[in-house]
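*Asks:* First residue of the sequence shown: 0, per numbering that gives the first Met the number 0; consecutive thereafter.
Quick caveat, the hints were computed from the structure, so don't treat them as lab data.
Computed from a predicted structure; not experimentally measured.
Accuracy of the hints is not assured; some may be wrong.
[Unchecked claim] Estimated spans, in silico, between C-beta atoms of each pair:
(1) 39 - 217: 26 to 36 Å
(2) 227 - 112: 13 to 23 Å
(3) 235 - 212: 22 to 32 Å
(4) 293 - 149: 21 to 31 Å
Each residue gets a CB set at the ideal place from its N, CA and C atoms; glycine is no exception.
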Amino acid sequence: MDTVTSKSDYVICMDASGDIVKEIAVENHIEFVPMEYSLGEEMRVSHGCEEEALLKKFYNGQRNGDLTKTSQISPFMYEEYFRKFLEEGKSVLYFCLSSGLSSTYDSSRLAAENLKEEFPNLEVLSIDTLAATGGMGLLTEKAIENRKNGMGIHENFEAIQTLIPKIRHYFMVQDLMYLKRGGRVSAATALVGSALNIKPMLKIDESGKLITTDKKRGDKAAMTALFSFFKENYNEELSNIVYICDADTPELAELLEEKVKEEAPDVIVRRTMLSPIIGAHTGPGMLAVILFGK
Numbered sequence: 000m001d002t003v004t005s006k007s008d009y010v011i012c013m014d015a016s017g018d019i020v021k022e023i024a025v026e027n028h029i030e031f032v033p034m035e036y037s038l039g040e041e042m043r044v045s046h047g048c049e050e051e052a053l054l055k056k057f058y059n060g061q062r063n064g065d066l067t068k069t070s071q072i073s074p075f076m077y078e079e080y081f082r083k084f085l086e087e088g089k090s091v092l093y094f095c096l097s098s099g100l101s102s103t104y105d106s107s108r109l110a111a112e113n114l115k116e117e118f119p120n121l122e123v124l125s126i127d128t129l130a131a132t133g134g135m136g137l138l139t140e141k142a143i144e145n146r147k148n149g150m151g152i153h154e155n156f157e158a159i160q161t162l163i164p165k166i167r168h169y170f171m172v173q174d175l176m177y178l179k180r181g182g183r184v185s186a187a188t189a190l191v192g193s194a195l196n197i198k199p200m201l202k203i204d205e206s207g208k209l210i211t212t213d214k215k216r217g218d219k220a221a222m223t224a225l226f227s228f229f230k231e232n233y234n235e236e237l238s239n240i241v242y243i244c245d246a247d248t249p250e251l252a253e254l255l256e257e258k259v260k261e262e263a264p265d266v267i268v269r270r271t272m273l274s275p276i277i278g279a280h281t282g283p284g285m286l287a288v289i290l291f292g293k
């Protein structure tokens, strides 16, 4: 039984590694846990839904050789962040980056346990999305819809858990060396992408980890593979929303969007530029299609 039932009694938040359309986030008061990243020597903080000009500058910096990295959120930082909502009498439903890619889930759970003593009648419920980028956006949109329909925080939490195994991510990167530097793929795997014009294709598996599934020669072949993935996996009964996220490769993203809409006229495509938190590890030119799959 929910201790909190009114939709206004809990906030929905996600960390800044997730991608969601800015208008949806603003309209529905989605909060973002800030995350730190660097571009060359410059340290920055992402608060989610970054401006396009800033993202273009980030990806151009990578193209010009600037090294990029991110830092983890500590349990203490989470405590400080969540406390402000709890002090207002609001519980928190939090969507965090896959535990297969980051320790954010464990840190947020530790913070929630520490805060329970201070706020025994309120909740901080962390959701291990086993997802990244637009996958987190898809789940957050579902949570928004559930809250609008009057779901309390516990019911919403359970409803989202049933959807997590149905998320499908498929994406291409220009160079696996970015993922290797961040420890997301092995050195042996990274060599796949070092050959001229070979585009590694990756997915996030059932445990929320990155795996390389294929390699294509050239952007066009990679984009066609993304479209084939959409056709094979699109499940309109679950949701007709599809995320297409790109790391400053708008022409390819537009082409993919056109093909997707041609194939499924009722589809709603959410186009976002990739968060710098994820982009720090994938590099420029990444393109992803993310949906609820069969």
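*Asks:* State for each hint whether it applies.
*Replies:* Right, here's what the structure says about each hint:
no.	hint	in the structure
1	39 - 217: 26 to 36 Å	holds (30 Å)
2	227 - 112: 13 to 23 Å	violated (44 Å)
3	235 - 212: 22 to 32 Å	holds (24 Å)
4	293 - 149: 21 to 31 Å	holds (29 Å)
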